[in-house]
Amino acid sequence: MAELRRVEEGKGGTTYVEALHDALWEEMEADERVLVLGEDVGVYGGAFKVTEGMIDRFGPDRVIDTPISEDAIVGAAIGASMMGLRPVAEMQFADFISCAFDQITNFAAKSRYRTGVGIPIVVRGPSGGGVHGGPFHSQNPEAYFTHTPGLKVVQPATAYDAKGLLKSAIRDEDPVIFFEHKFLYRRIREELPREEYVVPIGKARIARPGRDLSIVTYGAMVWEALDAAAALESEGIDCEVVDLRTLLPLDDETIFGSVGRTGKALIVHEDTKTGGVGAEVSARITEHCFESLDGPVLRVAAPDTPVPYAPPMEAFFLPNAEKIARAARALAGY
Amino acid sequence: MGRLSDAQRLELYRFMRLNRVVEERLVNLYRQGKVVGGLYRSLGQEATSVGTAFALSPGDFVSPLIRNLGSVLVRGYAPRELFAQYLARATSPSGGKDGNLHFASIERGVIGPISMLGELIPVMAGVALAAKLQKKDVVCMTYIGDGATSTGPFHEGMNFAAVRRLPLVVVGENNHWAYSTPFEQQMACASLADRAKAYGMVAVTVDGNDVEVVWEAAADAVARARRGEGPVFLEAVTYRMKGHAEHDAQHYVDKAELAAWRDRDPLERWARALADRGIASAGDLARIDADVARLVDQDLEVAERAPSPAPGAALEGVYAESRPETEPFFLRYAEGKR
Chain P
778 MAELRRVEEG
788 KGGTTYVEAL
798 HDALWEEMEA
808 DERVLVLGED
818 VGVYGGAFKV
828 TEGMIDRFGP
838 DRVIDTPISE
848 DAIVGAAIGA
858 SMMGLRPVAE
868 MQFADFISCA
878 FDQITNFAAK
888 SRYRTGVGIP
898 IVVRGPSGGG
908 VHGGPFHSQN
918 PEAYFTHTPG
928 LKVVQPATAY
938 DAKGLLKSAI
948 RDEDPVIFFE
958 HKFLYRRIRE
968 ELPREEYVVP
978 IGKARIARPG
988 RDLSIVTYGA
998 MVWEALDAAA
1008 ALESEGIDCE
1018 VVDLRTLLPL
1028 DDETIFGSVG
1038 RTGKALIVHE
1048 DTKTGGVGAE
1058 VSARITEHCF
1068 ESLDGPVLRV
1078 AAPDTPVPYA
1088 PPMEAFFLPN
1098 AEKIARAARA
1108 LAGY
Chain X
2 MGRLSDAQRL
12 ELYRFMRLNR
22 VVEERLVNLY
32 RQGKVVGGLY
42 RSLGQEATSV
52 GTAFALSPGD
62 FVSPLIRNLG
72 SVLVRGYAPR
82 ELFAQYLARA
92 TSPSGGKDGN
102 LHFASIERGV
112 IGPISMLGEL
122 IPVMAGVALA
132 AKLQKKDVVC
142 MTYIGDGATS
152 TGPFHEGMNF
162 AAVRRLPLVV
172 VGENNHWAYS
182 TPFEQQMACA
192 SLADRAKAYG
202 MVAVTVDGND
212 VEVVWEAAAD
222 AVARARRGEG
232 PVFLEAVTYR
242 MKGHAEHDAQ
252 HYVDKAELAA
262 WRDRDPLERW
272 ARALADRGIA
282 SAGDLARIDA
292 DVARLVDQDL
302 EVAERAPSPA
312 PGAALEGVYA
322 ESRPETEPFF
332 LRYAEGKR
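First to last, the sequence lines map onto chains P and X.
At position 187 of the first sequence (counting the first as 1) the number is 964 in my numbering, and the numbers step up by one without a gap.
At position 250 of the second sequence (counting the first as 1) the number is 251 in my numbering, and the numbers step up by one without a gap.
Pulled out of the complex, with its shape left as it was, chain P reads as follows (with noise of 0.2 Å):
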């Protein structure tokens, strides 16, 4: 991750995963209402340090060392918003949401459709690979949840994107699953505006304008497509990458026009491949940029298995900036 690394470089500026914490913190500090409660997120301050220093500053009522108990975390999440209040789960790691699986996609995502009674909860928490972390925490859960009407999917590429949009799910009325990249935490930082900012949800961004090709992916895989077109720039193809940012909803606006000027698509995720996120925008952009496609919507995803353990079958597994130029490469000359 050549463009990770120019990033870590530069030592100025704030990292992902502080970014996470500041909008959390800064969210907290304007709005009574908003709550964190989690395993470990009290007086450990999270696993990944995320609610550092929380406690001390909000106290325990507002941050809630739990029991092991996703489910427990998640009902009670919802069942605070319903109260008024804006809680914010944590999941140790997003491997781990499957444990609340229920509480999620039954009880939040239907609550407002079948009741009227709309749940404002963000369940939030690490996903993603490249950290040895090996089949149970490293997954990437999110199209479990994209599958799941009345739910909203978020997961950020940058510090700049963490911190607008984890802001933005927090006063969303509707329940929010936000998947922080883990191996993005502490790797990339940049310098964040002074000023107040959000990021709204359900827009995606141009990453990197090109003409030839887009490159339509999300999370890590963001910096992974960046590094594929830099490398390709030297061989005269010019890739655009969108950054969806938001899986659920999708913004059709960006990705079909972003097809529509180039008429090729590579999706790219670090999830693995069969009904991934990658499957709906290619079902959409076969749908409504037909017209306009001078070659296949190709896919660069993980292969159908779990997260391996061992380094060399994890880098075996993970799409890179090779697996990537190789496919845009081919999608390109056709």
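Worth flagging that the hints you see were computed from the coordinates, not collected in a lab.
Incorrect hints may have been included.
Where chain X lies over chain P, by a calculated footprint (3+ residues, C-beta under 8 Å) [as the list claims (entries may be wrong)]:
1) 852-860
2) 870-883
3) 886-896
4) 1064-1071
All C-beta atoms in this analysis are idealised placements derived from N, C-alpha and C, irrespective of residue type, glycine included.
Given the coordinates of chain P, assemble chain X onto it according to the supplied hints.
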């Protein structure tokens, strides 16, 4: 703990009768093919629903399961609203989006269930948690059947509520059956209360077919929760007198056992007790019964006259902001609407 006045004792009778008659009318509607989906009775369990909900105060929250129709009647839902739910009318509390007791109103202090049992306990723990943080005088009450105490969410929710000493009353309705699975195949514990005690929770077991006993235990539990002494588990021992739902003829239930429990019918027992204690004459009770029948007839007529929801309303209400579906470009193109 206070005592019931005679007027309140008659109210308990009225709510139990209302509970039963509404369900009897629902059975008729079910047989006429008018109920959308299944129908789950609480026959024989009315004292538990009515007696517990009657112990709550106006600002409290109750979260019924599908056999707690009596609880929502006590909390002020009208029969017409409940009929509209089962008939899937536009006027129902869920606007036709969901059935039976699956609805909620924060203003009215009712949070309905989802079908996945056990999940209400963590959610109601969250309502209680928020109320405690907001320093509101709120007690939460929810229900769990003997079968659903075997779920993971029950364990997580009970433990969470106990650890945080939340103002929550969990009513364990031990009706002996989870669909066709008897209590003995559900757990090795002797009682539901034994399960609750394992969480460090105060737990009591009462005769769930004696409405005054149920009320007294519930009032005590609610008072304890209100005083900040933490959650209470109230096991009400009762019996499911019908199958899991109307389609189920409960062939797996011993006929003698069923007959023995029929003799303990909570409504008839309460009627006898009111008469024996000189609180109401047969005529007084007949007048209440007639009033209930009149109300139910009126409300059923209103519900049956109500329209079905517009099919397209199915798209509304998924999110706070509406998000129209975009027709695929190709469809518009092919149909010449380009």
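| field | chain X over the region 1064-1071 of chain P, status - at least 3 residues with CB closer than 8 Å | value | n = 5 at 8 Å, threshold three: holds.
| field | Coverage assertion for the region 852-860 of chain P with respect to chain X, Cβ distance below 8 Å, three residues required | value | n = 9 at 8 Å, threshold three: holds.
| Do three or more residues from the region 886-896 of chain P put their C-beta atoms closer than 8 Å to C-beta atoms of chain X? | It holds: at least three residues are needed, and the region 886-896 of chain P offers 9 whose Cβ sits within less than 8 Å of chain X.
| task | Go check the region 870-883 of chain P versus chain X for me, would you? Three or more residues, Cβ under 8 Å, otherwise it fails. | result | Three-residue rule met by the region 870-883 of chain P, so holds; n is 3.
Of the numbered hints given earlier, the model fails none.
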